[in-house]
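Build out the structure end to end from the sequences listed, making use of the hints.
So the sequence shown is numbered by the working numbering: it starts at 1 and just counts up by one.
Hints listed in this document are in silico derivations from the structure and should not be mistaken for laboratory results.
Treat each hint with caution, since some may be false.
Unchecked claim - Pairs of lysine-lysine residues, derived as DSS-like cross-links and limited to a Cα-Cα distance of at most 25 angstroms, are as follows:
#1 123 / 104
#2 105 / 127
#3 142 / 127
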Amino acid sequence: MRKLLLVASSGGHMEELTRLKSITERYDCCWVTEKNNFQKYGKVEEIQYYVPQMNRREVLFLFKFILLFFQAVYILIKEKPEVVISTGALISYPFCRLAKMMGKKVIFIESFARVNELSLTGKLLYKHVNTFIVQWSEIAQKYDKAIVGGGIF
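If you want it as structure tokens, here you go:
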């Protein structure tokens, strides 16, 4: 059975990723999200890994982001996924870049909220993933590598 690593920041990104829950019935899945005190994901029975919440405006951001790369290496080596799927945001960057460098297949799904322009994470990962899925045809017209996957919601 193929192993998938599903990575998303807390909030809307994780909500979108949980909408793909049907794949967890067909594949061995491991979930990664940000740790916070107010969010619960009832659709995901078990989140295996929590990483620190990222905020680019925070004083300790650079330190936390570097630490996140080390956590991503650890999780990728330990779990050995064949495929990494992410809906963003910032926490997904190290996982997707490192997974691609390790020869894993990487699928990035741009946020439903992005109709005309890619998110910062989307822009950073666009050239470094195997499959780049957008949810609106308007945005796909600007990016030739983008595949319109339709809305998750």
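A quick look at each hint next to the structure:
{"no.": "1", "hint": "123 / 104", "in the structure": "20 angstroms, holds"}
{"no.": "2", "hint": "105 / 127", "in the structure": "13 angstroms, holds"}
{"no.": "3", "hint": "142 / 127", "in the structure": "14 angstroms, holds"}
Checked against the numbered hints listed earlier, the structure breaks none of them; every hint is satisfied.
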